[in-house]
Amino acid sequence: MGIKVDKEKCVGCGRCADECPGDVIRMDRRRKLPYNKYKNDCWYCGVCEQECPTGAAKMEFPCLIV
Amino acid sequence: MRIVRKEDLAADLLVIGGGTAGPMAALKAKMKNPALDVLLVDKATVRRGGSICRGMDAFNNVTVPGVATVQQYIDSIDLMSDGIADPNISKVVAEKSFAILRELEEWGVATFPRDADGNYMVQKFHPKGAFLAEMRGDIKPAMAKLLAERGVRVLNRTMATRLFAAGGRVAGAALFNIRSGVFQLCRAKAVILCTGGQGRFGLPDSGYLFGTFDCPFNAGEGYAMVYHAGGELANMEYNDVSPMLKDYEGPGHSTFIRHGGYLVNSLGERFMAKYSPEFLERAPSGIRERAMRTELREGRGPIYYDLRHLSPETVELIKEGIFAAERPTEKDFFALKGIDIGKDLIELTLSGPNMCGGHGPTGALVGVNAETRVENLYAAGDVASTGWGFVGAAWVFGTVAAEDAAGRMPALAFAAPDNREVAQELARLRAPLGREDGFDPEEMEYKVRRIIKPHLTSPKSEARLQAALRAVEGFRADMDKVRARDYHEVMKCVEVAAIIDTLEMAVRASLARKESRWGYGHYRIEHPEKDAAWAKKYAVVAKDMATGGMVTYAKPVPEYRG
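Just so you know, the protein sequences line up as chains A and B, in that order.
Remember, the working numbering sits 87 above the position in the first sequence when you count from 1.
Remember, the working numbering sits 155 above the position in the second sequence when you count from 1.
Quick caveat, the hints were computed from the structure, so don't treat them as lab data.
Nothing false has been slipped in among the hints.
Across the chosen pairs, the derived CB separations fall in these ranges: (1) 455/B / 141/A: 48 to 54 Å; (2) 94/A / 467/B: 37 to 43 Å; (3) 151/A / 609/B: 18 to 24 Å; (4) 423/B / 93/A: 40 to 46 Å.
Quick list of in silico lysine to aspartate or glutamate cross-link-like pairs, EDC-like style, CA-CA up to 16 Å: (5) 91/A / 147/A; (6) 486/B / 136/A; (7) 401/B / 487/B; (8) 486/B / 147/A.
From the three backbone atoms N, C-alpha and C, an ideal C-beta is built for every residue, glycine too.
Model the full assembly from the supplied sequences, consistent with the hints where possible.
The following block contains the structure:
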């Protein structure tokens with residue numbers, strides 16, 4: 088279902104949202120946190136995890152897969 | 156929210172798609188002629204877009220001198236395609252792939268592990284010859300960096316939605332930014348289309364629309380663009396079906412098999428021995444599909460990968476390749492399901508059908524320089540019919556397209572797109588945003604994709620294919636009722652329209668090829684045998700530019716020129 092974010096570790100850089108190939112992730116500008124805007128478009132490729140510089144992003148499998 | 160048209164863009168060379176073939180094409184064009192103005196667009200990003208967004212564990216296919224020969228590669232593809240792939244194209248892939256491996260190594264884009272004797276680790280996956288070299292490295296960001304150094308202009312989150320042609324020459328493309336909603340016409344002297352295949356086709360067994368074997372962000376828009384611009388497409392009737400890890404979209408198959416894994420049924424039998432005693436798990440994909448479906452239908456399912464006989468070192472190499480180089484989330488998946496791949500059987504299902512020039516023969520019909528029938532329009536990668544070429548053909552044909560286009564560039568001029576066509580395209584994109592109510596793009600996508608597997612899976616029947624054709628007409632009418640709430644959903648409307656277009660292509664090509672070929676790749680109940688009249692012939696799909704209707708016809712596969 089996209090990204091799960093550890094709010095303590097997230098620095099709000101937005102790289103996960105910048106690079107998500109499915110355009111699943113967007114930034115909440117007010118809270119400076121990423122969120123799943125189009126969670127059903129996730130291919131669970133793991134780019135969000137890969138791009139996160141602080142280890143705050145964790146890819147979550149969609150309901151139908153788990 | 157409204158799509159705004161902004162100033163026109165222009166480039167000498169426009170490369171559409173920043174996955175595998177596209178970045179290579181853009182780079183090679185700049186290497187050949189640094190003065191060229193090269194623009195590369197991707198609806199995701201060049202850094203992470205495409206089928207190999209996270210990486211790839213093997214360079215497939217590469218002909219490493221001393222390991223395999225050019226002739227072996229041509230023979231292998233000829234066997235897999237049953238004669239319906241251009242051997243001249245296979246020759247180009249075989250001859251040029253190793254030089255690209257060395258370049259990737261030299262540039263620091265990828266590494267290629269070697270064995271104790273210092274040789275590249277090359278494994279056998281094809282019926283004849285070994286063409287899969289172990290590969291490591293975070294390829295995509297490394298390529299993106301090279302493109303920046305070479306001065307390639309890049310537009311990310313920019314989707315090409317239509318190609319424009321004038322008098323049989325490509326003139327440019329409609330570009331749509333999926334985040335800002337900006338629409339621009341980009342004029343170009345030459346265009347290289349590298350948009351991937353049709354990954355978002357048959358509904359996966361999991362029921363999850365994006366749980367597909369091939370990259371679901373490639374929804375056949377490239378096939379649709381070639382078609383509407385006047386190009387020819389080949390082998391659209393070929394069902395690309397791969398074994399797929401149950402619930403997880405792969406990768407697995409080529410890695411497990413090339414390292415010696417088995418396919419077994421629920422009785423523990425290595426069932427491929429019954430269907431292809433000579434090639435076993437390395438049998439052509441349609442033969443393998445027929446074997447798997449027969450085992451399932453006759454009650455010997457589930458079917459599994461069995462790696463339990465492999466040495467711990469081999470299992471570690473498989474894990475390193477998949478978990479580190481290609482798809483780390485697969486490690487999480489196996490952990491979630493409690494599967495240890497060296498000790499447990501791995502249950503699988505069947506993907507698709509999908510359409511792909513890498514895993515199969517489907518795509519834009521191209522010549523040995525990647526040229527299409529539309530002048531100055533090239534196609535490379537999964538969007539092109541380059542015969543089971545995987546990333547090897549994508550990189551090779553990205554290269555030959557770029558070198559041909561760059562070499563011819565001094566003599567090329569801009570063609571003038573028809574302004575009415577550009578206005579029509581803008582109106583097509585704006586329409587779903589203008590609707591106050593309607594179906595969601597996701598609902599529409601489900602409605603279309605749910606009919607693909609029942610109507611197109613072999614054995615195919617005339618009645619089912621005709622029914623699918625009637626459904627296509629209904630889907631087109633329904634598209635006028637789909638509402639987009641934002642630009643992301645406009646992108647999805649374009650993708651769903653491409654899924655409908657490619658469905659019609661698959662159905663019409665399946666009706667045209669009145670014979671059976673490639674096992675279950677295309678098996679017609681009414682015509683269960685191979686027909687000599689269809690030997691060495693493509694079933695071509697193209698647009699009748701006068702009537703706007705879809706036509707199909709037979710076209711000879713080129714003879715081998717040696």
